Amino acid sequence: MPLLSVNHLRAAFHTRAGVVRAVRDVSFQIERGETLGLVGESGSGKSVTCYSIMGLLPQPPGRVEGGQAVFDGVDLLTLSPRQLNQYRGRRISMIFQDPMTSLNPYLRIGTQLIEPLLIHEKIGRAEARRRALDMMAEVGLPDPTHRLRMYPHEFSGGMRQRVMIAMALMTRPDLLIADEPTTALDVTVQAQILDLMKKMREELGMAILLISHDLGVVSGFCDRVMVMYAGSVMESARTGDLFYHTKHPYTRALQKSIPALQVKGRELYTIAGAPPDLLHPLPGCPFAPRCEYVIDACAREEMAPLEVAPAHCSACLRAQKEDLPW
Amino acid sequence: MPPPALHPDEKSASFWRDAWHRLWQNKLALFGLLVVAVLSLVCGLAAPLCGHLIGYSYEQQNLALGPVPPNHAHWLGTDRMGRDLLARLLYGGRISLMVGLLATVVSLVIGVLYGAVSGFAGGKVDMALMRLVDILYALPFTIFVILLMVFFGRNIILLFVAIGAVEWLTMARIVRGQVMAVKQQEFIEAARALGLRRRRILFRHILPNLLGPIIVYATLTVPEVMLLEAFLSFLGLGVQPPHSSWGVLIKEGAEVMEEYPWLLTYPAAAMALTLFSLNFLGDGLRDALDVRGSKD
Amino acid sequence: MVSAPATSGPPFLRVRDLKTHFPVERGFLFQHRAGTVRAVDGVSFDLRQGEILGLVGESGCGKSTLGRSILQLIRPTGGVVLLDGCDLTALRGRRLRQARAGFQMIFQDPYASLNPRMTVFDALGEAILAHRRVPRAELPARVGDLLQKVGLPPRAQRKYPHEFSGGQRQRVAIARALAVEPQLIIADEPVSALDVSIQAQIINLLARISREMKLALIFISHDLSVVNYISERIAVMYLGRIVEIGPAARVFEHPLHPYTQALLGAIPIPDPVRERQRIRVVPPGDPPSPLNPPGGCPFHPRCAQARERCAREVPALEPFMDPSHQAACLRTREIN
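Protein chains in written order, with numbering that gives the first Met the number 0: chain A, 0 to 325; chain B, 0 to 295; chain C, 0 to 335.
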């Protein structure tokens, strides 16, 4: 049984301007110890998907409208906040993008680090402190004893993110959800943090759901990758298959957009058209208006991801008919 | 750890329309607005109302009648000199509201200019200007007003000046803080990069972005000013008889509140109602204008 | 063609030994000098008319401060900036304001660099009128022209900034910079706040404008691959200094300085096989703070190739193999 199984998840925001369909029928699975990358641009619904699973959607405008998120046999979406707290922070941890705002500036690092332990495990303060020190050493924070008593503003961005990782892993969770954990960091620091996460993954064996817009990060870190657009899943496959045997025009367009892979002297490849309007979703495939390979049926038929190769799903009609021109 | 804003940009047509909509949803603020509007209207029409509807003027005395509780001849009763309370309340309201409004405007103009210049200039100029404000803050208000009254005699213009002279200090501080915050924003740097004159940057770029806090604070200053006026009148320094203001009425009513309670109840109720309403309105405006306006 | 060679000729912009230091004052009642932040610590380079220079570095390296110092938005504490022969550091008051028509900036955050209370017409009209007289009646047409140049419809001028997307706002900001008809534009991370698919559009736009209008462009970014794509030359900054400068292709393919090598090594490649197989040296620790720069070579505490002399001597930019490709390293010869 997979560790996490998300089935037909739907989430929307009810705003004054209308209903924003942020997540439209998303399904995926994560096995124990597996790393899944969730790739998409802003508005793709990748973050909303994870917040929905964790019950972190701001409830007045946001609402989970359907689907299941089954974690180790239990549908998280049916739990009350109290029941959910048994999982959050204990068996499922989350780290966020901005290390500046994710830590409480008024509490010492030590206090914030041992908090998950004190809440979720019945151990004494001294024991929790010892484990905190161990964890800080694991994540590569120099001089942990001294640093425990410091405040977040005394740490650099990279160090704060290490603290976040330490906090998230203190309870040895089964699943770590990382929402763009390195986007706000310098590239050399990003490399350090990714190496750290790989090391912790080897030691603790947890599953990781990594959200990113950076294909480079995902290609080096994840076992499988899922590409989202306008709240729907476009393609999901093992990393190598996704990059070398792409079966969706959007994934292909994303790859073509990367400046590093393009020839100087010609204009950069741009994806034609504008980002999708989530207030007024069009029928058929949401990428159809911008797709180079669109056919008539794309704007008419209901799209859903289907397996087009072993362990490789694509929501593209043409891929499903084995009609892709590349 | 709150998740960041998730939903994509909403296309709203205008910042002010958005703000108005938010205000509209705040029932308390709307109530406040309604009350203030109605009261202003009624008091503003005090003269014709007194003439046609009520039948008495604020200074008509009827010594023989003396103080009587509310009845159908005098809807709110009369005071010790037989003057109709309702008429006095309306005329008094006119003066109180007018003082509130005018003194606020005066303090607004002085305070905004002073604070804007100080915040925009920064450095030593700012320090000097703000030290002056600090010193003035320390002066006891009552003594200052008494001195003014002693020197220049009592008149209503002086009342405005005295109150305005005190209220502008807080406005200046607030505006200075806001200006310093807006000054940091990138579009101000962009304006400098374009080579625009400093005066233009201040008036065309900085001040329009402060309208929100300024409006809110002005709305909250009016009740403060009205209270100040009431306080002065209570001390006998404010409006002189036969004119009345709510402060005067409250003072007179308080003196005889055991025997003729209505003389205190109605003016106090009117004052309290207005103060509450203005405060609700000010709070509502602050929430409505809370700047999400510069970023979707 | 994007990277047509720049017009040869005398350098249009000469920056010599530019320094921008900020004093750090501590103390409650009486402030005393506790230290100096050496944000820009002796930068020199040339730029030709119409040339595109990419400026890269991580946080704390001073690239943003350098951009602002060149444009005199922050007054440098030392050094000289010669634009077409005129020393910008010596200008003051009205003359500086008038000179600003010659150089403009495009900022990182498209949400913050436009005044939310002004329509596009107001903003662009103000820019046009800032340095020349134009009859009011002509303004809408002129503003419309500017908008078309950046790929927006002329009728967009009636809208407010919040009615646009991030990419469109950045276009408006570019139009505003073009309105004064500058000869130098410094773009400070102009695409970092935008989606990947929009970044390409803005980069294409900037490249096209630079080419068509012979605008010198300094493109500041932390993203090396973007910078490589658009620039003819690349300068790498570390702790307030340029540590390597040269033609983009050479810097990218044969980096001389250990920091450039580390920087290139840290960029994730969207190619699973290559990404997992590559061997790279990730510099330990964090980028240092310019408040407490190490002695000697600024990079030596994190450098895998550092030797004893690196802690003592401050290296200067020296060419290696190609006169246009320089690196500030004492061991360039040995490492490469």
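Any given hint could turn out to be false.
[What the hints assert, rightly or not] Taking lysine to aspartate or glutamate pairs in the EDC-like style, the calculated list, with each CA pair at most 20 angstroms apart, reads:
id, chain 1, residue 1, chain 2, residue 2
1, C, LYS158, B, ASP125
2, A, LYS263, C, ASP108
3, A, LYS198, C, GLU274
4, B, LYS123, C, GLU24
5, B, LYS182, B, ASP125
6, B, LYS182, C, ASP108
In case anyone wonders, no lab produced these hints; they're calculated from the structure.
A quick note: this is a predicted structure, and the numbers were derived from the prediction, not measured.
To see whether the hints hold, each was checked on the structure:
no., hint, verdict
1, C:LYS158 x B:ASP125, "violated, 36 angstroms"
2, A:LYS263 x C:ASP108, "violated, 26 angstroms"
3, A:LYS198 x C:GLU274, "holds, 16 angstroms"
4, B:LYS123 x C:GLU24, "holds, 16 angstroms"
5, B:LYS182 x B:ASP125, "holds, 14 angstroms"
6, B:LYS182 x C:ASP108, "holds, 16 angstroms"
This entry does not satisfy hints 1 and 2, going by the numbered hints stated previously.
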